[in-house]
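Protein chains: 2
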Amino acid sequence: MSEAARSDGWSRAFAPASVGNIGVGFDLLGFSIDGPRDVVSVRRSGGDGVRILRIEGDVPGARDLPLEAEANTAGRALLELRQAIGAGFGFDVVIEKGIALGSGLGGSAASCVAALVAANALLERPLSRDELYRFALDGESVSSGSRHGDNVAPMLLGGVVMALEDRMIPLPVPDWLWSVVVHPDQVLHTRRAREVLQAPYSLHDAVAQSRHLALFLTGLQREDRRLIGEGLRDVLVEPRRSSLIPGFDAVKAAALDSGALGASISGAGPSVFAWFESRDLADAAGHAMQQAFANAGFASRCYLSPVAGPRSESLPATGVSA
Amino acid sequence: MSEAARSDGWSRAFAPASVGNIGVGFDLLGFSIDGPRDVVSVRRSGGDGVRILRIEGDVPGARDLPLEAEANTAGRALLELRQAIGAGFGFDVVIEKGIALGSGLGGSAASCVAALVAANALLERPLSRDELYRFALDGESVSSGSRHGDNVAPMLLGGVVMALEDRMIPLPVPDWLWSVVVHPDQVLHTRRAREVLQAPYSLHDAVAQSRHLALFLTGLQREDRRLIGEGLRDVLVEPRRSSLIPGFDAVKAAALDSGALGASISGAGPSVFAWFESRDLADAAGHAMQQAFANAGFASRCYLSPVAGPRSESLPATGVSA
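If you read the protein sequences in the order shown, they are chains C and X.
According to this note's numbering, the residues represented by the first sequence are 6 to 327, in order.
According to this note's numbering, the residues represented by the second sequence are 6 to 327, in order.
Since the hints were derived computationally from the structure, they do not count as laboratory data.
It is possible that part of the hints are untrue.
To be clear about the criterion: a stretch of chain X counts as covered by chain C if any three or more of its residues have a C-beta under 8 Å from a C-beta of chain C, and this derived list gives those stretches [as the list claims (entries may be wrong)]: (1) 30 to 38; (2) 153 to 164; (3) 217 to 228.
Don't be surprised by glycine CBs; every beta carbon is placed ideally from N, CA and C.
Bound conformation, chain C alone:
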């Protein structure tokens, strides 16, 4: 049991927001950002189940989250963890939502990652991040309906991560890479965002996407901004989803006009992210991107972060009460 958890039985951890997927790596690549975060407190209970005691936070969607453990991403992840390790105890959980649901920033994923990292500190033999991954996939699937790791993986490891079915592969990230994520006050039609992807794709576009992905990965590996920029172009998913986000074209143009290496939709949207080769460029671009959303009639929040963003970590467990 970790130092943080010892005082009053509670263990507390945060998980950062993340952008998954990164345009060209649909269902494959994500990165974490130093922006909004979910915080989850967990303590052992005498029971044999998982109880969600409260969900706090006034971000959009927080009040609609289920308290039933099976149906909650954090609850489900802890149920799977319990079962897998044969724990002789249950968990009580308090969730503080900081990431808006339906923002495209991994709000559902963050709760289960933070819960796992908090609970892990309560185990006699804590698991590695790699071992926690499958429970995070279990949890996240409650919300998305399928096992996609492009949000939970960067939350667990930080930075840019390749999320596979059974493991995570962290990728090298140049320290001069900065991101901007702008989250507009829009309600995204998530079902529609999935539906538009179903019609099939041409060989031409599939090959172009492969070429871009190869350039992107090689660019990261070689810290080559030209390759990263040439690669960060999603020709499969973005063209079908962009019209679901009012103002997207203008916001992307604002990012590119401000020197972005590339820009695309964060997750299913409506957030938009862009990558830059310095903090200063990113900062200036963030204002321009927000202005473009404002011109389209939408207020927005802007997050500036190194692309090598933080990973989920334990926090001091002060002030938690049942």
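Given the coordinates of chain C, assemble chain X onto it according to the supplied hints.
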């Protein structure tokens, strides 16, 4: 003018066969092999054009190649080179075909690459390989109808190369990687091989292909045989073309049963290639793959080569006559 070319006015060069594409990198990735090769001799002529004096070699298809420079991959490449550098002379060309046409081993591409490398040695200011690339694309397009560099790029640089529209990016290749290429005595229906690719692709397959490509590139970078093996799986093109190659399934199975990291179609086929983590494994697998083709009724040739295959080079220009 190079030493090799000085004696009698002829400059001579070879280009190796190549596998383009490498399964998962359609129209993007190729590698050269130490196997059959085309040899081209070039000398300056007093005229202002390019004359193909002879095409030698008794490999399949050689006799059907056009002597008209515009319609010949070597001739066309040299015409474009002449024009670009404003040469005050023409070229005479003798082609010795060593790579069968329609084999899937880059036979058309090799003639133009060898011609360019031979002609380049005759220039006052020889060009770099990178500068020769666009002329190779010009030449190869005569045969394929479009500009694809996945054969000419590895012939120009050797090893595994990412072929883009405007440049080549050589990729790192572990020195323990060996390839087997087996070329059966089959006539491939090239038009059909292109036709079957036209129907559109599902999101599921496009995403799986991206995942495999990412694993493949990361595996090469990290010299990780597991990642290379997981990545070397073509779910887009191979499933549609494999039925055009009688015996393919058995040959691929023989490769995998013999320890191949992966196996797929070389080019449009009918050749089949496989990658191995040692020369010994490759050698044994080659026999098994040939046996599988034999069981299907086809004699075959087998080439064993490091994946880091050779690049086109100059040769002594002995014995060439007009």
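Has the segment 153 to 164 of chain X got at least three residues whose CB is nearer than 8 Å to a CB belonging to chain C? violated (count 0)
When I compare C-beta atoms, does the segment 30 to 38 of chain X have three or more residues closer than 8 Å to chain C? holds (count 5)
Three residues minimum, CB to CB under 8 Å: does the segment 217 to 228 of chain X make the cut for coverage by chain C? Let me know. holds (count 6)
Hint 2 from the list above is the single one not met by this structure.
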